[in-house]
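Read top to bottom, the protein sequences are chains A, B, C, D and E. Take the working numbering: the final residue in the first sequence is number 264, and no numbers are missing along the way. Take the working numbering: the final residue in the second sequence is number 358, and no numbers are missing along the way. Take the working numbering: the final residue in the third sequence is number 358, and no numbers are missing along the way. Take the working numbering: the final residue in the fourth sequence is number 225, and no numbers are missing along the way. Take the working numbering: the final residue in the fifth sequence is number 225, and no numbers are missing along the way.
Hint data in this document are derived by calculation from the structure and do not stem from the laboratory. Mixed in with the good hints, there may be bad ones.
[Stated by the list, open to error] When the alpha-carbon atoms are kept at most 25 Å apart in a straight line, the in silico DSS-like pairs for lysine-lysine are as follows:
#, chain 1, residue 1, chain 2, residue 2
1, A, Lys35, E, Lys219
2, B, Lys184, C, Lys181
3, C, Lys242, B, Lys184
As a plain string of letters, each chain reads:
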Amino acid sequence: HAATSHSASATKTSTITVGSQGSDYDIWQHIAKSKDAKNMGLKIKVKQITDGVQLNKATAQGNVDVNAFQSWSYYLAYNKENKSSKLAALGTTYLEPMGIYSKKYKSVKDIPDGATIAIANNPSQAARGLILLQKAGLITLDKNFGYLGTVSDIKSNPKHLKFKEIDDTTGPRVINNVDAVLISNTVALEGHLHVLTDSIFHEKVDQSTKDNINILATAAKNKNNKSYKKLVKLYHKKDIQKYIKQKYYGTKIEVSKPLSYFNN
Amino acid sequence: MAEDISNVIDLQDIRVTFKNSGKDLKAVDDVNLKIKKGDIYGIIGYSGAGKSTLVRVINLLQQPSEGKVIVNGQDLRELKPVKLREARQKIGMIFQHFNLMKSRTVLGNVEYPLLGKKISKQERQEKALTLLKRVGLEEYANTYPQRLSGGQKQRVAIARALATEPEVLISDEATSALDPKTTKAILELLKKLNDELGLTIVLITHEMQVIKSICHNVAVMDEGRIIERGTVAKVFTDPQEKLTTDFVETSTNVKAAIDRITATINVEDLPDNQELVYFNFIGNATKQSILSELSQTYHVAENILFANIDQIDGENVGYMIAIIEGELVPFNKALEDLRPHGVKTQILSGVPVKGDEA
Amino acid sequence: MAEDISNVIDLQDIRVTFKNSGKDLKAVDDVNLKIKKGDIYGIIGYSGAGKSTLVRVINLLQQPSEGKVIVNGQDLRELKPVKLREARQKIGMIFQHFNLMKSRTVLGNVEYPLLGKKISKQERQEKALTLLKRVGLEEYANTYPQRLSGGQKQRVAIARALATEPEVLISDEATSALDPKTTKAILELLKKLNDELGLTIVLITHEMQVIKSICHNVAVMDEGRIIERGTVAKVFTDPQEKLTTDFVETSTNVKAAIDRITATINVEDLPDNQELVYFNFIGNATKQSILSELSQTYHVAENILFANIDQIDGENVGYMIAIIEGELVPFNKALEDLRPHGVKTQILSGVPVKGDEA
Amino acid sequence: MLQKLIPNVLQMKGEFVQATWETLYMTFGSAIIAAVLGLLLGVCLVITQPGGILEDGLTYSVLDKITNLLRSIPFIILLAVISPLTQFLIGTTVGTTASLVPLIVGIFPFYARQVQNALLDVDHGVIEAAQSMGSSPTEIIFRVYLREGLADILRVSIVTVISLIGLTTMAGAIGSGGLGDVAISIGYARFENDVTFVAMIIILILVFAVQIIGDLIVKAVEHNE
Amino acid sequence: MLQKLIPNVLQMKGEFVQATWETLYMTFGSAIIAAVLGLLLGVCLVITQPGGILEDGLTYSVLDKITNLLRSIPFIILLAVISPLTQFLIGTTVGTTASLVPLIVGIFPFYARQVQNALLDVDHGVIEAAQSMGSSPTEIIFRVYLREGLADILRVSIVTVISLIGLTTMAGAIGSGGLGDVAISIGYARFENDVTFVAMIIILILVFAVQIIGDLIVKAVEHNE
Ligand SMILES: Nc1ncnc2c1ncn2[C@@H]1O[C@H](COP(=O)(O)OP(=O)(O)OP(=O)(O)O)[C@@H](O)[C@H]1O
Ligand SMILES: Nc1ncnc2c1ncn2[C@@H]1O[C@H](COP(=O)(O)OP(=O)(O)OP(=O)(O)O)[C@@H](O)[C@H]1O
Ligand SMILES: [Mg+2]
Ligand SMILES: [Mg+2]
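All chains should be modelled from the sequences, with the hints used to inform the complete structure.
Right, dumping it as structure tokens:
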């Protein structure tokens, strides 16, 4: 059947199966068809797998060659819990700033006492949101707050904010029902929200957000696969970046750093 | 439209056609049936003749393909649903397959038709219990139908049909699963209701004894048509149709008796002045008077071989087979004279009686 | 354990207890029943007496609470499932409620028990069709049971039960929904199978006529027990139990006749030399011979008021009511002399006959 | 020992208690209303369908189509499509109470079909008997269909409630909370397998409880018959 | 005109065609196997339950519990739990074919319950008649239960296939593709409402087709009876 995924043996052929989801899926479909890919001799097949855990597992097992969807922090979390089927990062792609959005308030300062904030129910997004809230000065977090921190790790909450956990993709839909909502950029874009202009507060590329940089990942054993590594290069090609910038209004901020950047 | 109100049921030109795998089956074929108030009307016929289908037309459980259904002067097919329901409440029905509710107790089943009525729960239960007593099932009031024997189920169905004190009762083989004793008790109950309350009863049965003991009129069905009808006494003593004759005979032993007699006595061998004669007499004509008339008036001697008296719809009906001895002329005269007195005779010497035509 | 092999069915100390809302109901209470190969055994009794429950024990559809079930020399309760199934294939059963499969045509229903057998489809269908012809339903072969009348369904059930050519046939009111003519045809069919193939038949019925016409033996049940049993001729002419008497009477007209006669003739008013006598005779004793013996040997004159001959299990049984005239001594002598010839007599002058005890 | 087996669970006992309550609330809150709607729709389907006591081709066809239409919508989409209604009825589109609306809309057409199937098995002869006694359609519905079909309705209700518990696990998308959400978005997504495991055990207990209690009720109802 | 109403749809005609095929493949691929498993389990439940023709308390209790257990697992968790089995059977854990495994495991216990309920309505008298004719349990299953219960089994099959179509919309999580995935992860998540709408219309058509064809088959089966 046409839709049947490539098995591990497919790795040997020159076709690379890239597993992805959401806007990354669109980007990679574009990349697969791009001239640059042809020029680099890469045959790419893109597959949408909407569950991150399953996508990572499939990648670790070789059912998918490379995946493009996760942030560094998600990657770390996955590897920590799945010691038997580890992934390796191939390179960085971009940072999508998460934003605090509100239909009721113009700035973070306006958020009143007891306000309800919607945050993602998926752990990495939730932790990231909490860090952003800290950065915005709304709460302070435990010192040991990690990439899987939760609401229970909040040290002080002077405004007595209430948190409502939601599926992160429903952010733009609940914006009218809560005082503020944390929305990752992918979701915001699809909801026609523009992080750089519509959010009341958003992330910047710096050490505090390095964990949120997106990466390409592959099975640990394919860490040094040359053609997979080429995908990183391919992603950062000029034409492709131009396309991405245009399509996503510059909200996918290109990050092309060596993997060692994360170790600082 | 002035309907004859004395006919509580008036079926006009009823036709019911079933489509059975393509071809049409006329289950009821152009039947007209008028039943007077207070009548007990029997319907007999072969299995599959259309009896059940016909009676189901009376309360419109079976919509006829054609024809008018007038009950109590109302044309049921023209009635609004509400009115039809009211009309149906006055028509009790005992189904051939009982159709009891498995989720209700025996008492609950009998109570069911009273649920809509404006009576207290206690009254309702008392009424249902009284009926259960009548059919001999008071002990089983709290049992569920699945735990009853066939006959017990049937009696529950009977009690249920009577609960609303209907004006018309349709009974589709309501005693077929009952032993003779219970059957008798049930028939007596029906007769009592008929006598006391003027309940009109339409009754399908395969037991001729049932027809004879309680019906006033009877219709014989064959292949969807009523082929013969009339008072039970008339139909049972003077059947016109072969089918009717067959049915009637199963309940008298006349045919069997004739068979046995002709098997032992060779009618050909009888002396010239003797004849084997079958007498059939209704009502006042009793065997005694026939015999005395024969012997005294016509100087004819008789030798009775078989004599039976049956009660049909309350009237005595006699059957007798005898060898009659006498001169030919007075003998024939005697037989002829008997006719106006309701005595039918038939000389069996070689000529088979009607019942023997098979 | 040497079982008496001539008893194809041997029920020993059978007890079936149902739990009905707490209290126990002994549906079958300590019944022993032996039925010989080739017998036609009738079971009668009130509705709810336990007849259906008892016959369901024969093929273990109803597991008895106690007792042994031996069929064809095999203790069914000890058999392995496979063996039990084999044994059951030799026991045909006609259910009181038919139990036809609604998803199969009439033909399909009759074919069902043959499905496991090693015969070709064509053979199977032919066999089923032959049976359907026998019960008069060949036209309905491709109809589904839901579209049949009550009697038609019952006939399909009969055909199905006969399809495997069983050695034993259990029939639970198999003719209750049938008209008299069809009933007769079915009974003749059963009798033929009994004669030709030695089919043993156990037959529950409420129609005494059915018992009289085909059964050899009969058992009377009441409240789970067999209260009377024996040859049909014996039980029907000389019933010991009140219940039996009641049942028997419904099928003869004797009681009704006596009622009518005593209503018109005041027995007290009879002259001293006259007596109203009821005669009951079986077999060879025919009415003719009784009368000639009475008149010739004892110089007694007779006046027959009622005379009926019934055929019970192939034997003639006669009932006669007559006024006998003669001297007291030869008269009593006459009655006594008749006894050894199988003639029972009873003087009705004031003393009610057995049948009148009610 | 426990500390080793279920380290994360121990830290969130409170969450588990709350999630259990949320699941119970969602399941039974929506079950009650869905039961009413489903019975209503199921009964209407049965009585208006060809051969039904109030046969009505048009109504049947419309109801039948609505049922199918509602059953066609993937639950996650239903969550979105229904949100204006949720907003109108509950005043918000997120949270446990808000999830009741999509849960009800998601399950009741399914239940209606099941009820329809269950009622189709009520003996036609009994319906006829009721008709012959002059029972009105309403009486037939309440005194015959719902009563004679009770055991079957209870059986499909068990199936439905269990399906509903499954559905609540998806309502996490609109912030419903509940055990499914704990199992998926904490346990599964955060790789805390012990959390997933324990959440599933609790769900399992709920499912078993529903089945066992349901079976007992069915038995009690059937025991009599 | 169309360009304005469904701008995004027009650009992805190919995807729609493929997604439709995927949905059909998933639905009927899993339906066939789930039908076999569900019938098997359902029949086993009916025959081993108290009063069944092969009454066996232990077996019934085990099967009953397994059924409940499988029905307790939220689908998304099932996807994860089942993945080793999927890997073993299909050789991969993602993709349309791989999704068949969790779909089958997700639906067949549900179907088994439905079949069980359907077969419970087969007239006990008819089963007794078959027993009295010496039919073996296997014969009774095939010649009586499955045949007498056919119309009811078909009815619950319709319900199940429609539920299954609903389930396929969740299999996008493991890269199954299909219309649900298009509706949710392309249409819904990306706010391309026209895509969601069209995908749902196609799902709707499938649901209607299943219902209508199913109803016709039921009618044909019942017509005879
Ligand atoms: N399944 C059952 N559960 C409980 N009681 C039962 C059950 N079946 C029969 N009974 C009771 O057992 C007794 C005998 O029933 P059975 O059916 O054997 O009677 P029967 O002699 O065949 O009567 P009928 O002539 O009316 O068919 C009845 O009182 C009945 O109520
Ligand atoms: N629902 C139906 N569909 C098709 N044909 C039917 C239907 N009901 C009855 N019939 C046919 O109509 C004819 C008359 O049936 P009906 O039930 O009225 O007979 P009946 O006289 O009551 O017979 P019985 O004495 O056996 O009960 C039969 O040939 C039967 O096969
Ligand atoms: Mg009939
Ligand atoms: Mg019985």
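Hints and how they fare:
1. At most 25 Å may separate the alpha-carbon atoms for a hinted pair to count; Lys35 of chain A and Lys219 of chain E exceed this at roughly 58 Å.
2. For the hint pairing Lys184 of chain B with Lys181 of chain C, the CA-to-CA distance comes to about 23 Å; that is within 25 Å, so the pair holds.
3. A threshold of 25 Å between alpha carbons decides the hint, and for Lys242 of chain C with Lys184 of chain B the separation of about 16 Å falls inside it, so the pair holds.
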